[in-house]
Structures are given as structure tokens and as C-alpha cells.
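Could you put together the complete structure from these sequences and hints?
Chains as they are written, first to last, in our numbering: chain A, 1 to 589; chain B, 1001 to 1220.
Among the hints, erroneous ones may be present.
To be verified - Stretch-level coverage of chain B by chain A, calculated; a stretch enters the list once three of its residues show a Cβ under 8 Å from a Cβ in chain A: (1) 1022–1031; (2) 1147–1153; (3) 1203–1210.
Said to hold, decoys possible - Partner residues aside, some chain A positions facing chain B, computed with beta carbon under 8 Å: (4) Thr200; (5) Arg203; (6) Leu226; (7) Met231; (8) Lys236; (9) Ser255; (10) Met304; (11) Arg554.
Everything labelled a hint here was simulated from the structure, so no lab data went into it. Computed from a predicted model, the values in this text were never measured in an experiment. Yeah, the Cβ is synthetic: ideal placement off N, Cα and C, and Gly gets one too.
One letter stands for each residue in the lines below.
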Amino acid sequence: MAYVAIADRDHEVEHHDPQTFITKYIWSQDHKVIAIQYGLTSIFVGIIALCLSVMMRLQLGFPDNFDFITPESYYQFVTMHGMIMVVYLLTALFLGGFGNYLIPLMCGSRDMVFPFLNMVSYWVYLLSVIILVASFFVPGGATGAGWTLYPPQAIAAGTPGVDLGILLMLASLAVFIVAFTMGGLNYVTTVLQARCKGMTLMRMPLSVWGIFVATILGLLAFPALLVSAIMMLFDKVLLTSFFMPAMISAGENLSYSGGNPVLFQHLFWFFGHPEVYIVALPAFGIVSDILATHARKNIFGYRMMVWAILAIGGLSFVVWAHHMYVSGMNPYFGFFFATTTLIIAVPTALKVYNWVLTLWQGNIHLRVPMLFAIGFIFTFIHGGLTGLFLGNVTIDLPLSDTYFVVAHFHMVMGVSPVLVVFGAIYHWFPKITGKMYNETLGKWHFWMTFFGTYSIYLPMHYLGFLGVPRRYFAMGTTDFMPESAQTLNASITVSAIFVALTQLIFFYNMIVSIRSGKKADPNPWGATTLEWQTPDNPPKHGNWGHGGLPEVHRWAYDYSVPGYPDDFIPQNVPGSDEAPVGRDHGVEH
Amino acid sequence: MTITLIFIAGIMVTVIGWLFRQTINTQPWVATAADNAVSGRSLNTNSRTIGLATFLAVAVSLFGLFISAYNLRMQMPDWIPLADPDLLWVNTGVLVLASIAFQWTRGVAIKGSDKAVRIGLTLAGALTILFLFGQLVAWQGLQAAGNTMSRNPANAFFFLLTGIHGLHLLGGLWVWARSTIKVWTGADATSIRVSVELCTIYWHFLLLVWAVLFGMLLST
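Put into C-alpha cells, the structure is as follows:
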């Protein structure tokens, strides 16, 4: 039989549920199982990256106390921490994990459009993770080139892991991009073609919008990373000179000549900047849904939120050179990129105002997901504001490569998305597992993580103002760094260890709850979106049982509708006469 | 990077413009019967076509970035233009024929003529394999003449660009092989009609990419 994509099948075709353990949980084509596979794998590498950051902090806080941290291994920790967190954890978790789980359920379809491709996507992703982790164990160890992998030092002697480490890193990235592309084709096509009846684009929850646009960005931006990885592989293996200039290494002339290292930087950041939004847009979407649900209020300015996502997506392609102000560029070029960078603040700020206005006069329930979502607003405003500093060329120059930058990007794309990840896990845990977690432990987890991360990153801004450089193994003694800088560093390390240990509460809570948690209500938060309306909890293969696909009769934010007994109306509940139902216009639209 | 920017801007303007048109005149908070009747399929075509179109956007981005890198690297003083082998003209002709063969096969597949589809598919695939073989011969000639990759960036780009283009064709041949095996083992033409249509689009696309790459290699 010819292969027919899910969206093109007759919707009521009987579903053959997978029978054996292997087809059900290992070689599964069910988007929910694949989502969990993606999620667990990415969290697993995330834990490795977390441990690496603790090792870095040990060295920075208490230099020369730990024999197992050499300058070489320190650079390997820095590099792998950054790369894993940005690509293998956050990108994979938001798109492969939440994207896979939420898109079909929220759009009211039975599965992704290309389930087989979806399965392959996960296994290729797993392969990329295995290659990545393998690089720790090869002779010379993982690469220590920094997560940006700038040539010439990434492939020049003297950098840790210059032999096999960098090769495996580049190969792993190329494999990851293949995996992402296969997943991305699915997410885009599913959103466009496999929504259920009545689900117009503008009735989709913002989570789907965020994931959808982030996927488009990823599909267009990841090729830049692929191009730079391939060309650097050639420079390394075949001794071409795409990026490598003429160099003398250990008194010897290398065979390279004439290459352009800045070309790599352009390619890398052409991927690297959209990557920030590949991580941020799904977080924006998910936060919007969590806030609306737990504030029992429709999201403020839904259309503006959608357009802001689109605007941020478009603009994210024209700001990349703001990562390269210190690489030397024409001042007009710098002016252009500073301007576009600051323009992005407009739709972003619009989203922040709308989140805050959603809370205003809402019926706020401070449950665990809501705490994380509100925490995100704080950390995101904080990280966003320092972004305005760094977006200006003149302010960026002195602050570049200091701890101010480290503090900025950890607040804006480290802590903020991770808070959303936790919020999302707590929010959808009852749906994914059918069990309820311990709320008290969840709240402890939030407060300790929230204050802990602030006590890590807030002081880093001051270190940056002092001029403490990032990426240094040891600071030595200088005139401009007072001794208190080292004391501050020690305190940051203590906080970092505290935050890392705090995550044990989370894992304990999750594991115990999956094993022996209370059975969860199918819709514990009283949410309107379709994933909470499935006939089974957790939803089974095919999502909607044998009763046919849901039909959507309203948008995703009918909370606290006047004249309606409940404070929410699920999207699949018909209106009384199919006319506008009990809407109170003029509140904010 | 200007070239890539133009490509990406084109794609983004199309995508965002289309999405904006879908969303501009709506009041999603008002539940209307018209919205309730929407089928949930945004485009009136099958999903595999959309999947392919999305993939082509990815490929445009990939090749656009390679072309940008080519143009930036070309400006460095050590660039020595490569005299492209004449064989490439022949190869180009073969690839054009492959595209024509696919176009013809597409026509007969829609008509449902099993025998013609078998012949057309086989011919199109054979021509493509011939093209790839010709590219390999051209590579060999360059290598034999001492024009190795590490000698000059122009050489390196030649091998890189032709190689990446060839890999895309190989990927297409995988889909082609599946369909061809099917028709030769008794499946009827209608069952692979969509595959043939998609292959045709893909081959035309790769012919266009090759024309751009070849033109660029020739002129620099």
C-alpha cells in the first residue's frame, strides 16, 4: 500500500494500536512516546551539563583546591556545558519534547503527520547525543574550544580535544541537525494540515504558535551551523583553508593560508542568534498558556501575542552581528545591528506587558506551574534589560567577554527557559503520567531554585562591571580585581552547588509521584485546551479513542466567561446556538 | 551574507506574510459558525507536498549559505580561480534530460499508464546516476591534474559544492529507488503517483540549484 500521511487519511480509519513492548515503547511512532523519549534523553544530557557547571564553579570559587580540574579539563567543561545546554537540552526538550507532545494534542489530531519520520528523528537525535558523550572518552578528551567553536583555535594545536574531540563535536552537531530537520518537517506540516475541525490558526493555543514559529526559525537557521560545521571539518581533516589563516604553530608553518575566521563567526551567529529565539519562543508560548490557565483569565491581547511571535521570528535573522561587535566591523554595520537589536525589544516588551496584564485582576492560583511562570517573568525582564545594555556597541565593547555577558545570557536564555521547562513539566505532568505530584515539594523546588539562581547571577553583573573576564581558568592577581571579587566568586559557587542539589528535590518528586502518586484528575487545572479533554488520562495511542476527533467551537482562552457556571469553557464545548457565546466585549479588545 | 539574507528574507516574508493574512481580520475570542466550519487544513494539497516544500526551504537556506560563504571567501587575496572541466557541460545536459524524463513520467503517471511509468522512472534514474558518475569523473580529472582541495580555496569550494549537490541527488535517488522497485514488482502507476510528482519537483529544484552553482563556478 502506498504510504499515506496521517493528515491525508480518512479520519475515522481504525487505528491499529501497537501490541508488543518494543513497538509500544522503544520503536514507537506514537508522538507522546517519542516526546517522552526526547524529554528523558535531553534531561539526561542536561544533568551531565549541570555537573560540568558545578565543576567549573568549584575551580572559580576555590581555585587550586581540586587536582582533577586542570586548565584543559576546565575548558572542556565550559565548552560542553554550553553546547549541551543550548542545543542538546533546550532545543531538543522544547521542540522534540514539548513540541512532539503538545502539537497533535493541542491541535486535535491523532498523531504527527509523518509518524515514521518522527520516530527516526528521535533515534538520530539519540545517535548525536551518543557521539557527543563519546567525545569525553576519546584520547585527548572533548573539545575545549568554547561553545562557539571559533577557528582558528578550535582546530589549532594547544586547544584541548583538538584531535578527536572537535571531530566528534562537529559530527554530532551535523547529526543533530539532520534529526532536527526531520522533526521540524513534522511539526510544521502537522500544524498546517492536521488540525481538527474548527481549529483555525487563531484558535490555536500560544504554546503551539511559539513552537511552530520556533521550528520555522530552526529549519532556516540550523543549516548555517551545518555549513560551518562541514567547512570546519574540511579544514581539520582535508587541510582546506576556508576559515584557517596562515599560522605558525610551535615554530612550524602550518599548511593553511588565507582563510577567514570571521566568516565562521558570521555563519555561526547566523545560526546562533535565531537559536536564542528557537529556545525562547516555545517558552513564551508555554508561559502564556500557564499564566492564562492559573489566573483564570484570557490571555491579554492574544492577537498581539501571535504577531509579536511572528515579528520576533522575522527580526531574529537580522541581528546576528551584535555578537561580533569586538570582531571588528564597519561602524555603520554596527549601527545597523544595534538598531535592529533594540527594535526586537519592542515586540518582546509587548509580550511582557501582556503577561503582566493577564495577571491583573485575574483569579490567581499560586500553584507550582504558576510560580514558575511568574518567576520566569522576573528573570526574563532582568535578562532582557541587560540585553539592552549589550545591544549598544559602545556599551558592549567594555563589557564584552566579562561576567556581565555571562550573567546576561544565563538570565535570559538559561534560567528563564529552564524555569518554563519546570513550569511546563509541573503543568502537564498530570496529563503525561496520569499521576499527581507533591505540591509542597514542588513549591520548595521553585523557591530554592528561584532565589538560588538569583544569588548566582545577580552578583555576576557586578563582577562584569569590575572587568572580571569570562572563560578564564584562574584570575591571578591584577590591579582592577579587588580581593572581594574572589569572595563573591566563592559565594556564587556555593549558590551554584545549592541550586544543583535543589534539583534533587525535583527528581525525587517526579520519580516518587510516577511510582506512587495520587491518580490525577483528567483536567486538574480546569484548562480549556484540547489536550485536557482526551477520553483517557494519560491519552492512549491515537489520542481521541474511538469516538472520533474533537471539534473546536471557540478559542483557547475562554476563562471566567460571564454567565457561564464554570470558570472555563473547553474548546470543544459547543455554544448554545453557535452564535457568539456570552462574551463580554470591550474589556480589553 | 547579503545573498543568504535575501533568500531568508524572501522565505520569511512569504511565511510571515501568509500567516499574517490568515490572522489579521479575525476576532478569535468571538465564536462564529464560520470558524467552527473550518476544516483545520490550511492548504489544499497533500501533506507530503508540504513536507517537501518545507524541506526545499531548508535546502534553499543551506545552499544560500554556501553561496554566501563562497562570495565572502572569494574576496581574500589567495583565491585562484579554477578552470572548470568541460565535462560539466555534458553533465549539465544529462541532468536536464533527467528532469525532462521525470516531467514526462509525471504526465504518464497521472494518466495511469503502468508501462510508461516503469520506463520513464528507470530512464530518469539512469540519467541521474549517469550525471553523478560524470561528476565523479570530473573530480578525478581535477585530482589527476593536481587541483586538490587543500591547494586553493576555489578548488575546495568546487568539491564541496558539487559534493553537497550530489548528496542531495543521492537522497532523491533513495525515494526514486523505492518507487521504481514498487512499479517493477507489480504496483500500479496510481499508487506511486504522488511520489513521482514529488520527485519531479525535487529534481527540477536540484537542476535549478545546479544551474546557479554551475553559473557561479564558471563566472568566478
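| Hint numbers the structure violates, sorted upward? | When the structure is compared with the hints, numbers 3, 8, 10 turn out to be violated.
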